[in-house]
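So the chains spell out like this:
2 protein chains.
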Amino acid sequence: MASSAAEEQEPTALPPLLLFRRVDAAFYAALRQRYRVLDFFASGDPLPAFLAAAAADPDPPRAAVVVGGGAVRVDAAFLDAVPSLRFVFSTGAGVDHIDLAECARRGVAVANSGRVYSTDVADHAVSLLIDVLRRVSASQRFVRRGLWPVLGDYPLGNKLGSKRVGIIGLGNIGSLIAKRLEAFGCIIYYNSRKQRDSVPYKYFPNVQDLASESDVLVVACSLNKDTRHIVNKDVLEALGKDGIIVNIGRGANVDEPELVGALKDGRIAGAGLDVFENEPKVPAELLSMDNVVMTPHIAVLTSESRSDLRDTTIGNLEAFFSGKPLLTPVLPW
Amino acid sequence: MASSAAEEQEPTALPPLLLFRRVDAAFYAALRQRYRVLDFFASGDPLPAFLAAAAADPDPPRAAVVVGGGAVRVDAAFLDAVPSLRFVFSTGAGVDHIDLAECARRGVAVANSGRVYSTDVADHAVSLLIDVLRRVSASQRFVRRGLWPVLGDYPLGNKLGSKRVGIIGLGNIGSLIAKRLEAFGCIIYYNSRKQRDSVPYKYFPNVQDLASESDVLVVACSLNKDTRHIVNKDVLEALGKDGIIVNIGRGANVDEPELVGALKDGRIAGAGLDVFENEPKVPAELLSMDNVVMTPHIAVLTSESRSDLRDTTIGNLEAFFSGKPLLTPVLPW
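Order-wise, the sequence lines are chains A and B. For the first sequence, the positions run 1 to 333 when UniProt numbering is used. For the second sequence, the positions run 1 to 333 when UniProt numbering is used.
Just so you know, these hints were derived from the structure itself, not from any lab. Among the hints, a few may not be true.
To be verified - If you want a taste of the chain B side facing chain A, the calculated C-beta under 7 Å gives, among others: (1) R144; (2) K163; (3) R164; (4) N291; (5) M294.
No residue lacks a Cβ here, since even glycine has one placed at the ideal position from N, Cα and C.
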C-alpha cells in the first residue's frame, strides 16, 4: 500500500511538459498520465509570464508541444525564456512557426506530425477540386433554396478527366494528391524546389510556366520565405480565365487580395480554398461567389487523424525522454 | 445552280427523326443538318397527338431520340402509335423508361448513351462521399454564415481511407467508382446480379449482407423491377448508425421515406444524393440536415459529356440509317 507521502510525490516525479495546444479529453489524459503538463491555454497567463514561471520551476521543462499554424511562435525570445528546452513537437506538419535555425544553434530537437494528416489533406484537396469543377456546393445551394423545381436543370459543370493539374510542392501531400488525381484521368504536372527523379510527372522549375500549362493549380507546399505568395498576380494571369486554384497549403502561399481580384473580374474561373491569409477571417467578397468553395481549415480535421496525432505526439515524447531516435524528426538531436 | 424547286425539296429528302429531348444549339444544328427533326417539346402538342401526326407523315419516322430518366416512356402504346419506328436512342445510360421486351418483340433496336457519362458519374459519387465524410458542404455553410470567427474550429469529420465501401452494381460506373476509391485506400465490396471473375473485390450476393459489412453503400445500379427499392428499411438497418448512403443511380433504387426516417432518427449517419424518387422534388426534411449532401441530378452534367453525347447520338443514328452496327447497342438489330 502506497504511503500518503508517496502519493503526493508521484505527480512531481513525472517530467514536466509545456503544452501550447488545446487537446481533447483522451489526448489530455494520455499526456497527464506520462507528464506533468504545464498548460499555457489553461493558465490564462500572458506568454512571457507563463514561460518565466516554467523556467523558474525546480524541475524546468525540457520538452514542449506546440500547436501548428503559428498561434504560438517558437522564436529566439521563446527559446531564451526557457533555456532548459531541448525538444519541441509541432502538432502540425508545417513548422513555419518554429525558427529552425535558432533551434539548431541551441541544440533543440524538433519533430512534427509527420504524415498523420497527409492522406486527409490530399483527400480534401481532391474534394475541393471536384466541387469547383462539378459545382457540387453551388448546385446544392440551388436545391436547398428550393430552386430546382422552379428553374429546372442546373448549368453544366466541367469534367475532371484529362484536366492538366499543376501541383506546387510534391511532398507527402502533393504526391498523394497526384496519385488520387491520376485515378480520375488527370494529367499531373508539378513544381518543387528540385526535380524528383522517382516520379513520372512533368516538372516545371518555374511556377508561372506551370500555371501557363495547367488547367488547375493545387497549392500543396509548406510556407516559408520562398513560398510566401508563390501564387501571385503573374501566376494567376498565367493560369488564365478558365483556370482553377485549389489551396490546402497555407493561406499566405497565395496573394489573397490578388486572388479575390482575379475571381471578381473573371480572370480565373474558380477556387477551392481550405486556408486563408487571416484565418478565421475570410475575404467578404468571396462569400457571395458561387464559383468558390471555402472550408474552415478542416483538411486535417478527422477523428482518425486526431487519434493518430495523439499516438505520434506521445511516441515522439517517449523517444525524446528515453534518448531514442525521434519518430518524425524535422531537426534530429 | 439549284432550282427553286430543288431547294424546297431538299429538307424533306432528309430522313425524319422524332426528338423527345431538349438539346443545346450545337446539338440541334447537328441533328437538323442530317435529319428532318420532329421536335416533341417544340410542338407543344400532347404526346398522342404528336405521335399520330408523325405516323401519318408521308415519310413516317423510323428513328427516335428519347431523353433518359422517363419524361417520355417508350412503352407498347408509344410503339403502337408509330409502327414505322425501328430505332430508339436513349440519351441516358438507364433504359428503365423503355420497354425492352416490347421493343424486342417488334424488332425495334435500342441504343443508349453508352459510357459517355460513366466517368463523370463516378467522379460525382466520390465527391458526394468525401463531402459527407469530411463535412465539406456543411463546413462551407459555417464559413458563408460568418460562424468561423465566432465558433472557432469546426467539428471533426471522418477519414476516407480504410472505409469499407459496398458498391451496389459493378457495371461501368460502379467499376470506375471502385477504381477511384482504391486510390484513396478504401476497401471495396460489391453486390451485383452475378459475381465478376475479373475483379479482386469481395462479392456479396445479398445487399443486406453487403450493408452489414460496409461503412458506406454506393448505389450504382440501373433501375429495374429487381433494383427498385434495393435499399430498403432492412438494408438501412444493416448498414447501421455510422453508415453512409451515396446514390448516383436512380432515386427509386432507394426507398426514400425509409431513408428520410433513418436519417431523422440517426439510424444512419449521412447521405450523398444526386437522385430522388420524385425529382425535382426533394423531401423537405432533408433540406435542414447538415449530414446530407444533395445535388440536383447533375452527375452527368458536364459540357464535355454533353459534347460526347452529341457525337454518340449522331454516331448511332448514322449507323442505324446506313445499316451498320450500332455504336452502343442495348438491343441490337
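Cut-off 7 Å, beta-carbon criterion: hint that K163(B) touches chain A:
Hint on K163(B): violated, closest Cβ of chain A at ~10 Å, above 7 Å.
Min Cβ distance, N291(B) to chain A: is it shorter than 7 Å?
violated, 13 Å
At a threshold of 7 Å, is the proposed contact between R164(B) and chain A supported by beta-carbon distances?
violated, 14 Å
Is the shortest C-beta separation between M294(B) and chain A less than 7 Å?
holds, 5 Å
Holds or violated: the hint that R144(B) contacts chain A, with Cβ atoms closer than 7 Å.
R144(B) check passes; min Cβ-Cβ to chain A is 5 Å, inside 7 Å.
Figure legend: structure checked against the earlier numbered hints; hints not met, in rising order: 2, 3, 4.
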